[in-house]
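Undergrad: The lines below spell out each chain.
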Amino acid sequence: MLNYDIVVIGGGPAGLAAAVSAKRNGAESILVLERDKELGGILNQCIHNGFGLHTFQEELTGPEYAGRFIGQLQEEQIAYKLNTMVMDIGANKVVTAMNREEGMFEIQAKAIILAMGCRERSRGALNIPGYRPAGIYSAGTAQRLVNMEGYMPGREVVILGSGDIGLIMARRMTLEGAKVKVVAELLPYSGGLKRNIVQCLDDFGIPLKLSHTVVDIDGKERVEGITIAQVGPDRRPIPGTEEHYACDTLLLSCGLIPENELSRSLGVEMSPVTSGPLVNECLETNVEGVFACGNVLHVHDLVDFVSEEAASAGRHAAEYILNGARHLASGGRDIPIQAVEGARYTVPRTINPERMDEKHTVRFRVGDVYKNCYVSVYLNNERIIHRKRPVVAPGEMEEVVLKKEQLAGFPDLSQITVKIEEA
Amino acid sequence: MYDVVIIGAGVSGAASARELSRYQLNVCVVEKEEDVCCGTSKANSAIVHAGFDADSGSLMAKLNVEGNEMMDEMSRELDFHFKRNGSLVVCLQEDEMPNLQALYERGVKNGVKGLRIIGREELAAMEPNISDKAVAALYAPTGGIVCPFGMNIAYAENAAENGVEFRFDTEVLHIERKGSHWLLQTNRGEIETTYVVNAAGVYADKFHNMVSSKKLHITPRRGDYCLLDRSVEGFVTHTIFQLPNKFGKGVLVTPTVHGNTLVGPTAIDIENKEGTNTTQAGIDEVIGKAGNTVKNLPIRQVITSFAGLRAHEDGHEFCIGELEDAKGFVDCAGIESPGLSSAPAIGKMVADIIKGLSNAPENPNFKGTRKGILDPKVLTNEERAALIKENPAYGNIICRCEMVTEGEIIDSIKRPLGAKSLDGVKRRTRAGMGRCQAGFCSPRTIEILARERGVDPSEITKSGGASKIIVGVNKDRI
Amino acid sequence: MEARELICIGCPLGCQLKVGLEDGQVASVSGNTCKRGDAYARKEVTNPTRIVTSSVIVEGGSLAAVSVKTREDIPKGKIFEIMKALKGVKVQAPVHIGDVILGDAAGTGVDIVATKNVEAMP
Chain A
1 MLNYDIVVIG GGPAGLAAAV SAKRNGAESI LVLERDKELG GILNQCIHNG FGLHTFQEEL
61 TGPEYAGRFI GQLQEEQIAY KLNTMVMDIG ANKVVTAMNR EEGMFEIQAK AIILAMGCRE
121 RSRGALNIPG YRPAGIYSAG TAQRLVNMEG YMPGREVVIL GSGDIGLIMA RRMTLEGAKV
181 KVVAELLPYS GGLKRNIVQC LDDFGIPLKL SHTVVDIDGK ERVEGITIAQ VGPDRRPIPG
241 TEEHYACDTL LLSCGLIPEN ELSRSLGVEM SPVTSGPLVN ECLETNVEGV FACGNVLHVH
301 DLVDFVSEEA ASAGRHAAEY ILNGARHLAS GGRDIPIQAV EGARYTVPRT INPERMDEKH
361 TVRFRVGDVY KNCYVSVYLN NERIIHRKRP VVAPGEMEEV VLKKEQLAGF PDLSQITVKI
421 EEA
Chain B
424 MYDVVIIGAG VSGAASAREL SRYQLNVCVV EKEEDVCCGT SKANSAIVHA GFDADSGSLM
484 AKLNVEGNEM MDEMSRELDF HFKRNGSLVV CLQEDEMPNL QALYERGVKN GVKGLRIIGR
544 EELAAMEPNI SDKAVAALYA PTGGIVCPFG MNIAYAENAA ENGVEFRFDT EVLHIERKGS
604 HWLLQTNRGE IETTYVVNAA GVYADKFHNM VSSKKLHITP RRGDYCLLDR SVEGFVTHTI
664 FQLPNKFGKG VLVTPTVHGN TLVGPTAIDI ENKEGTNTTQ AGIDEVIGKA GNTVKNLPIR
724 QVITSFAGLR AHEDGHEFCI GELEDAKGFV DCAGIESPGL SSAPAIGKMV ADIIKGLSNA
784 PENPNFKGTR KGILDPKVLT NEERAALIKE NPAYGNIICR CEMVTEGEII DSIKRPLGAK
844 SLDGVKRRTR AGMGRCQAGF CSPRTIEILA RERGVDPSEI TKSGGASKII VGVNKDRI
Chain C
902 MEARELICIG CPLGCQLKVG LEDGQVASVS GNTCKRGDAY ARKEVTNPTR IVTSSVIVEG
962 GSLAAVSVKT REDIPKGKIF EIMKALKGVK VQAPVHIGDV ILGDAAGTGV DIVATKNVEA
1022 MP
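Going line by line, the protein sequences match chains A, B and C. Going by our numbering, 230 is the number at position 230 of the first sequence; the sequence numbering is gapless. Going by our numbering, 471 is the number at position 48 of the second sequence; the sequence numbering is gapless. Going by our numbering, 981 is the number at position 80 of the third sequence; the sequence numbering is gapless.
Everything hinted at is true.
Listed below are the simulated EDC-like cross-link pairs for lysine to aspartate or glutamate, each with C-alpha atoms no more than 20 angstroms apart in a straight line:
id : chain 1 : residue 1 : chain 2 : residue 2
1  : B       : Lys696    : A       : Asp216
2  : C       : Lys977    : A       : Glu59
3  : C       : Lys936    : A       : Glu58
4  : A       : Lys371    : C       : Glu906
It should be emphasised that the hints constitute simulated quantities derived from the structure, not laboratory data.
Could you build all of it, start to finish, from the sequences and the hints given here?
TA: If you want it as structure tokens, here you go:
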């Protein structure tokens, strides 16, 4: 059996940043396990620019952004294995993995960082009626085919869902010679970034139809047409509003689901809202020494925030390795953070005022579009943050920063509440 | 010139082919699709009925019970997944108890073993998620679940190994008498044969009516289904039916042999024999009715929905036999539920009929066993390590959701009647059958298929015909 | 004074910008959070530009394709000319981040460079 202090599951942006940070914070023995044939994860197929403004103060493409972190991993001489699938993680932190060269093998870890990322919601999960021909792809699958393999998955395209991958693929398909006829979005607002609507749809005259969904897929062998219809406030199609588009391709960009099958088998407690683990401010799950970061924890809007979060997970994992006893016996209590009235969840789910850093960024998402509202934080019943926001939307992550000294002023603190308050 | 041509490589055609390969007969199966198991056999409830449903004395009842009894042995001989999980017909109202009793009595009459009516308490202990309204159930311990693809493919592979020829992408257009034999015109030339077995599923009436004046009529009866992820494995462990009542037939909720949960079907008569499209109304009906027999169905865990067509003959009876006015033409028609359950018995019956007509001697080289695709998941870690050492492709996971390795996919392509398309690989290995529905693995599976078949990736289809995945290369039209 | 409303694409924030124009000249920019937004607004109403990204086939490499981008932003009206110029372009592995794949693409004076490392097949 192999032995490592920290095993990082996943070599995408989260796993890379976590490993580098763990090393820089004193952990010596780290292993990254990646199932694909290269490090970098999904960034390798995100060849568009717009990454890294926050982290590197310049605009990079996905592969360039990944390249920076891969470089750091190599500088730090952190071990990694490619084409390696983690089959199981035991409660005793024995990781069972498999690859072509080594077969099935086991690794005893002292700490584990979960960084498996997420997957796309499929057509089946969306219950879209119609035939089941070729020509229906999740936007990410099409992105891989076009960007990494140079293949066109279709010529005339309808896109359902205005998540960022869908918007980005509208532009990519257009540039590579396809005709994108329409982007339909079930909700009355887009799930993607505003700038992607400008530079991926508006630049190319691609219509975005909000409050619309696909109600029929035509074509027995290959897609021949898609029917979309307007939906009412109940999100059900309104009869009589159907529009038919002749096309050979349907791309789906309807949300991402954290890939937590391994976490579940490990006994990690999950949030039904994020489908990711519930973590404390160290990004540690209910299983001691098991940390989570990146899209496996909650789906992020920007990779820069993934890197930041993962660096924190890596640092805490290193602290746990170096000083496990203190990490645990830090005193203080885990205070629950409640997300209510517009705020859907927070990461972390609890915060320990004694163990926390001087400042801690709490990230969350809202459930609807709110204009001219306030993001508020209450300690017990006292409001300590009341920040005006011209607009907040479910597609973009929000944050509030909690200060240790503020929390220390509430010795009987039992509850932190994050909410959206209308003006 | 063949002795026997079987039209259709569904489970009835494949089982017939395998049973016929016991004899010294030159047998050919013609199939209009690119693979076996592309019609009714691929989209159904995947269950092995105990046999209490069909009218006593009917061929359906007889073959159902016989087929059910044969299933253990068949699954061992041909290496496909079958499990006797037992079925429950749930009665939701006290005043319907006489109907449950009648069903019990019919089952006993049909020869179903071990039938028992159980009370609410026992039912709730067996199925904790059973509806609070359930008052009693008919328990049939012989009810089972089967992998319909696995069974169909196993029969076909074993038939092929025993010398049966399969012609795919071959559609029969016309059938006529030519002297003492039959002439079949297909899209790929003419085929002559002494005997024809009409196992064409929803199209069986079309071929029957080409040769007989006694017309047959088959209605495609669509059934919509929803399939739930393995993450909710154990939600139910038995196959749960609703006792038909004045509000209709209800839908079944059943585990599959692979740990998914299946809910459905609807029953909607349509005209189009290719009309396998689901509808919003159909899906809504399935989800709505599932709540009759079970509570808290985790409907958010649906990973796909699909529809299949039952080949419903007007008289709701299996039509198996030589036609009086078309000697040598043997119908195997009207095979709707419990067709899958009956398939072993149907194959045997068809073979017996042809044997009787032809007097063919036994095939001394017949080998009745077949080994399925090796599933590394059933191995111990040590065995698995040894396997990977011998063949590293078994160390390379391609489908993450179902944990299918490159080794299994290569096997599925290379074996007799091997997979040619993504769906072919999926039905044989489950790659692409999981929660992401081939989002991650399809580009990789395309690569393997192209490499192993020695073709360009753009040639690879989802399911044959025009179902191409890749339509060109970047910038080729700019 | 003519006014135009824009959404800034300079960063993910997506600020709502207002540009005041006088005789075709930018007179004012408001709504921006940073100076990037001011610069974007001035450019967008006079000479809009974009970074173009794509990928080209690699021969003899460990991967089938390498991702590329225009080293700087190019006039928006030239996007499709850039794509045409990239049609049929193939490169030999190894390729490294920053390698010029196509010089002076479509007469813009801007090079197309690789954004990924693709090593030669061993």
